[in-house]
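Q: Each chain is listed here by its residues.
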Amino acid sequence: MRLGMLSVVPAFLLSTTSQSALAEWGLNITEGVTSLSQEIYSLHMIIFYICVAIAVVVFGVMLYSIIYHRKSRGAEASNFHESTTVEIIWTIIPLLILVVMAVPATSTLIDMYDNSDSDIDIQVTGYQWKWRYTYLNEEIDFFSNLSTPQDQINNESDKGEHYLLEVDKPLVIPINKKVRFLLTANDVIHSWWVPDLAVKKDTIPGFINESWARVEKPGIYRGQCTELCGAGHGYMPIVVKAVSESEYEEWVVAQKAESLASQEVKEMSYDELYALGEKVYATNCLACHQATGLGIPPVFPALKDSPIVKGSIDDHIDMVLNGKPGTAMAAYADQLTVTEVAAVVTYERNAWENNTGDTVTPAQVDALKNK
Amino acid sequence: MKPLSPWKLALVPMLMFGFGFALVPLYDVFCAVTGLNGKNFQVEKSAVEGETGSVVVNLQLTADPSSRDDWGFHPFDKSLAIQSGRMIKTHYVLKNPTNEPVVIRAVPSVSPGYWAQYLVKIECFCFNEQAVPANGEVELPLQVTLSADTPEDVNQLTLSYRIYKQNEPAGGES
Amino acid sequence: MSEATLHAEHHHGPDKGILRWLYTTNHKDIGTMYLILALSSLLIGGIMAFVIRAELFEPGLQLVDPNFFNQMTTMHGLIMVFGAIMPAFVGLANWLVPMMIGAPDMALPRINNWSFWLLPFAFGMLLSTLFMEGGAPNFGWTFYAPLSTTYAPPSVTFFIFSVHIMGISSIMGAVNVIVTIFNMRAPGMTFMKMPLFVWTWLITAFLLIAVMPVLAGAVTMMLMDIHFGTSFFDAGGGGDPVLFQHVFWFFGHPEVYIMILPAFGIVSHIIATFSRKPLFGYTSMVLATASIAFLSFIVWVHHMFTVGLPLAAELFFMYSTMLIAVPTGVKVFNWVTTMFKGSLTFETPMLFSIAFVVLFTIGGLSGLMLAIAPVDFQYHDTYFVVAHFHYVLVPGALFSILAAVYYWLPKWCGRMYSETLGKWHFWLSFIGVNLTFFPMHFIGLAGMPRRIPDYALQFADFNAIVSVGAFIFGTSQLIFIYNVWRTTLGGVGEKATPEVWDNPTGLEWTIPSPAPYHTFQEPPKVD
Numbered sequence: 001m002r003l004g005m006l007s008v009v010p011a012f013l014l015s016t017t018s019q020s021a022l023a024e025w026g027l028n029i030t031e032g033v034t035s036l037s038q039e040i041y042s043l044h045m046i047i048f049y050i051c052v053a054i055a056v057v058v059f060g061v062m063l064y065s066i067i068y069h070r071k072s073r074g075a076e077a078s079n080f081h082e083s084t085t086v087e088i089i090w091t092i093i094p095l096l097i098l099v100v101m102a103v104p105a106t107s108t109l110i111d112m113y114d115n116s117d118s119d120i121d122i123q124v125t126g127y128q129w130k131w132r133y134t135y136l137n138e139e140i141d142f143f144s145n146l147s148t149p150q151d152q153i154n155n156e157s158d159k160g161e162h163y164l165l166e167v168d169k170p171l172v173i174p175i176n177k178k179v180r181f182l183l184t185a186n187d188v189i190h191s192w193w194v195p196d197l198a199v200k201k202d203t204i205p206g207f208i209n210e211s212w213a214r215v216e217k218p219g220i221y222r223g224q225c226t227e228l229c230g231a232g233h234g235y236m237p238i239v240v241k242a243v244s245e246s247e248y249e250e251w252v253v254a255q256k257a258e259s260l261a262s263q264e265v266k267e268m269s270y271d272e273l274y275a276l277g278e279k280v281y282a283t284n285c286l287a288c289h290q291a292t293g294l295g296i297p298p299v300f301p302a303l304k305d306s307p308i309v310k311g312s313i314d315d316h317i318d319m320v321l322n323g324k325p326g327t328a329m330a331a332y333a334d335q336l337t338v339t340e341v342a343a344v345v346t347y348e349r350n351a352w353e354n355n356t357g358d359t360v361t362p363a364q365v366d367a368l369k370n371k
Numbered sequence: 001m002k003p004l005s006p007w008k009l010a011l012v013p014m015l016m017f018g019f020g021f022a023l024v025p026l027y028d029v030f031c032a033v034t035g036l037n038g039k040n041f042q043v044e045k046s047a048v049e050g051e052t053g054s055v056v057v058n059l060q061l062t063a064d065p066s067s068r069d070d071w072g073f074h075p076f077d078k079s080l081a082i083q084s085g086r087m088i089k090t091h092y093v094l095k096n097p098t099n100e101p102v103v104i105r106a107v108p109s110v111s112p113g114y115w116a117q118y119l120v121k122i123e124c125f126c127f128n129e130q131a132v133p134a135n136g137e138v139e140l141p142l143q144v145t146l147s148a149d150t151p152e153d154v155n156q157l158t159l160s161y162r163i164y165k166q167n168e169p170a171g172g173e174s
Numbered sequence: 001m002s003e004a005t006l007h008a009e010h011h012h013g014p015d016k017g018i019l020r021w022l023y024t025t026n027h028k029d030i031g032t033m034y035l036i037l038a039l040s041s042l043l044i045g046g047i048m049a050f051v052i053r054a055e056l057f058e059p060g061l062q063l064v065d066p067n068f069f070n071q072m073t074t075m076h077g078l079i080m081v082f083g084a085i086m087p088a089f090v091g092l093a094n095w096l097v098p099m100m101i102g103a104p105d106m107a108l109p110r111i112n113n114w115s116f117w118l119l120p121f122a123f124g125m126l127l128s129t130l131f132m133e134g135g136a137p138n139f140g141w142t143f144y145a146p147l148s149t150t151y152a153p154p155s156v157t158f159f160i161f162s163v164h165i166m167g168i169s170s171i172m173g174a175v176n177v178i179v180t181i182f183n184m185r186a187p188g189m190t191f192m193k194m195p196l197f198v199w200t201w202l203i204t205a206f207l208l209i210a211v212m213p214v215l216a217g218a219v220t221m222m223l224m225d226i227h228f229g230t231s232f233f234d235a236g237g238g239g240d241p242v243l244f245q246h247v248f249w250f251f252g253h254p255e256v257y258i259m260i261l262p263a264f265g266i267v268s269h270i271i272a273t274f275s276r277k278p279l280f281g282y283t284s285m286v287l288a289t290a291s292i293a294f295l296s297f298i299v300w301v302h303h304m305f306t307v308g309l310p311l312a313a314e315l316f317f318m319y320s321t322m323l324i325a326v327p328t329g330v331k332v333f334n335w336v337t338t339m340f341k342g343s344l345t346f347e348t349p350m351l352f353s354i355a356f357v358v359l360f361t362i363g364g365l366s367g368l369m370l371a372i373a374p375v376d377f378q379y380h381d382t383y384f385v386v387a388h389f390h391y392v393l394v395p396g397a398l399f400s401i402l403a404a405v406y407y408w409l410p411k412w413c414g415r416m417y418s419e420t421l422g423k424w425h426f427w428l429s430f431i432g433v434n435l436t437f438f439p440m441h442f443i444g445l446a447g448m449p450r451r452i453p454d455y456a457l458q459f460a461d462f463n464a465i466v467s468v469g470a471f472i473f474g475t476s477q478l479i480f481i482y483n484v485w486r487t488t489l490g491g492v493g494e495k496a497t498p499e500v501w502d503n504p505t506g507l508e509w510t511i512p513s514p515a516p517y518h519t520f521q522e523p524p525k526v527d
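Residue numbers (this note's numbering), protein chains in the order written: chain R, 1 to 371; chain A, 1 to 174; chain X, 1 to 527.
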């Protein structure tokens, strides 16, 4: 099948590259793991072969003329320049080809718009620049951030196998269940795309969209945001982990336990807080405020020598917890645990030569949060 | 042939500039006809219970995540079965975390948009701006029904709201 | 241009120095200025493409930060569309339309001067945003709200203003072309005797006056949302961000044809000349152009298949988009049939035109694939789309412009360009362009989204090839610039005859080469 893609590739590629190497390079759309994605794949191949056939005929005639009707071969020019019959024929034949294409396309499209009852409803929300997944029937609600370390992006260490396609917390869904995605966005338009699921839908702030998938094979499926959404557009991947139903049930139970545990207020030393803070910063803050703490003014202000970071601790915590309405600064009260907030505030107050020497404890954050 | 006057021709761009703006109301009409953006639910101000139909739809009520975070905004019922012609009453809950009274506006969205036309809102807190006292918690009432002509294949609808804080109270309905 | 001879022959010669270019109302001078502006924009936009491709040469962030990368993709798109392709076609229209219809000049010469001189200021303003605090526009050339409104850098206001100025310039230019064609044709030149370049430009001009104002409306609404508290595109105030996309693509799709219809005209002339045969199916060419223009108004939603549409809308816009393949196919078949049983020679303009037909067809076929709505869910906003529109715009629109310059340059300056350099330019461009854009199909299908500054490792090999191709293609344009420079200002090359080529058709070949400063002051008689 893959060789089909090559029909129009220069012949040298064909002769020098083996089929398996081509597969590794990734030449074609995925067959995916849902019946819909497979239907789309076959439709894609049908349309592709029709296009190749048209190209072969048209370019064939052209090549023939280029070779045989050249002046240097002594070709004499004819003078014909009109034929209504021919014109009608080559209007009707393409029309018929289009009808042939439109029939399977229409039926696939109708299958996509299947709104029958779903088993699981997940609200997918696009943020600059991460995804948030809310399981509407369970008390599960979490953010999914890029987990590729910044030093890989900056070419300071070797890139991992799933460079830029890995997250800290994947979306977990059971196989053979109809999962409905309700898509929306917090700030700008994003688009949630997982090729193996054949789901791509724009997430629009203030509106909800929906899409669905019934995954047939357990596995990890990776995708990306496909609508330009600002500086971090390339850094908000999607990872979907499809597991068996029993594994899914276990995961749900574990999630609930974990969310309770995260509410605990721990005691930590300055060094522990600083180290954790650096990690939290890299995942949540770095895309805007940058590794240097210099930000991208004026939209994303610098944290180095910032009046808030160097000013009152309470104001700084408040900024992280509640954000600044009307700006790109989001509220992190529900995204980070109190320990994480304490850590990141400690980090920011001491990194980039801010050197305030402050240690912010989780208890301080907890007190402010519950005020 | 009479020569073409450039002034006459200049009318075309002027009209088209106007047309660009006319696309705004046209879009609303287009949405109402095709259900494009899930805003074309029917609004009926008087509560009339029609004949009860046989179509039962699972109506899922959700809140936008940002509104959940900022306002503790959530539906009282997560989902409801509604039968065509039968009226359903429920409410959303909203908390004002600030020490000042605020005015908010709720913007609804229905999915799938092309079925939104069958959802009839009799009373909705999204019709008007809502005043919320400082540190207050309010119940925002909602009364909906399913239109009698709902086809059999409609089985699932989602109604979601996002809360926007209004700077100053202003009149008008959505 | 050999000004000395011009002065000797015509006492109504041009002013001297910079004033000649500031005050000129001569269609040839203005055409030249448009072409120089387009070439400058091509170089600036090309440098931006170099930055993009250098960053994407390998995975990881090497040269620029993601925000600057977004500024580069945005500005590259805007400059190439509004600064290179469109002004180049207006430049060609200025030079050629009056000469082809036997008119002494454009109908509104002063408006013509003004339309041109607005542009350097519009682009100066647009480029100046690169140096502003917060940087240049970074929301893509399609500037979807709310990324381009609520979340935009402050320079967005300058961007809006510059789009307004470009729009006014385009509209005045288009009005000028229409009035010229309607009112100033030589006696006997009926509509169905007009050269195809004139026909395609007439239709393009109508598209321009119909949709540029809609773009102006879209940016005006943005301006009001940003500064005057309206909420056209903000759900919070009862607006809808998707409305922006509808208004934008209502402009945007016809805009795509604005950038390709004149190209159809150009290659129709060139293929006929070098096939030594009349163009096959003149009437059907005109009808096909008109139907493409008409269809362009009812297909815009195919840019938004994933935005969440009802089934009926997806079906309607899928079918209407597929229909465009019919008139486009007719055109391709006509060109191929024109070559069939001709007596072909392969001078540089012909090479570019043949490449145009082949590569534009590839772009057209990938367009047909993209029209299939269910599959578009896998193609949308990937490099497959980038490959598609670059195939129709670079070896499509840009190749036709290069072909046109080679074809008519001897008429403009009276000398033949260097055929050897021309062939080098062609082959390097041809190889470069395919090396750049063909692998993009694969990385797109394999799942690489567009407009990302960094990518997963499986896309690395093809991206490296693409970047190499881009550098070959970009640098080979220097050959073109040198070739044009030595032929015009350098004064090298043999003198061109009035006909230049082997028996070409059209009034422009009946006047001497170089074309005198004033032509057809007595209208020619056309039978």
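These aren't lab readings, by the way, just hints derived from the structure by calculation.
Possibly wrong hints are sitting among the right ones.
Here's a subset of chain R near chain X, in silico, CB distances under 7 Å, partners left out [said to hold, decoys possible]:
no.	residue
1	M45
2	I46
3	Y49
4	I67
5	T108
6	L109
7	Y163
8	V188
9	I189
10	G206
11	N209
12	L228
13	E250
14	V253
15	A291
16	G295
For each residue, glycine too, the CB sits at the ideal point set by N, CA and C.
Q: Confirm or reject each hint.
A: Results of checking the hints against the structure:
For R:M45, the interface hint is violated, since its Cβ never comes within 7 Å of a Cβ in chain X; the closest pair sits about 10 Å apart. Annotation: interface hint on R:I46 violated; nearest CB of chain X at approximately 9 Å, more than 7 Å. Because the beta carbon of R:Y49 sits about 11 Å from the nearest beta carbon in chain X, more than 7 Å, this interface hint is broken. Given hint, R:I67 at the interface with chain X, is violated; its Cβ is 9 Å from that chain's nearest Cβ, farther than 7 Å.
Satisfaction of the interface hint for R:T108 is found here, the shortest Cβ-Cβ separation to chain X being roughly 4 Å, below the 7 Å cut-off. Annotation: R:L109 was flagged as interfacial toward chain X, and the flag holds, the nearest CB pair being 5 Å apart, inside 7 Å. For R:Y163, the suggested interface contact is upheld, since its CB lies about 5 Å from the closest CB of chain X, less than 7 Å. Annotation: R:V188 was flagged as interfacial toward chain X, and the flag holds, the nearest CB pair being 4 Å apart, inside 7 Å.
The interface hint given for R:I189 is met, as the beta carbon of that residue sits about 6 Å from the closest beta carbon of chain X, less than 7 Å. Taking 7 Å as the C-beta contact cut-off toward chain X, the hint placing R:G206 at the interface holds, the least distance being around 2 Å. For R:N209, the suggested interface contact is upheld, since its CB lies about 4 Å from the closest CB of chain X, less than 7 Å. Residue-level restraint check for R:L228 holds (minimum Cβ-Cβ distance to chain X is 5 Å; threshold 7 Å).
Given the 7 Å rule on beta carbons, the hint for R:E250 is violated: about 30 Å separates it from the nearest Cβ of chain X. The interface hint given for R:V253 is violated, since its Cβ lies 33 Å from the closest Cβ of chain X, which is over the 7 Å cut-off. This hint is violated: R:A291 has a C-beta 10 Å from the nearest C-beta of chain X, more than the 7 Å allowed. With 7 Å as the threshold, the beta carbon of R:G295 stays out of range of chain X, its nearest partner Cβ sitting at about 10 Å, so the hint is violated.
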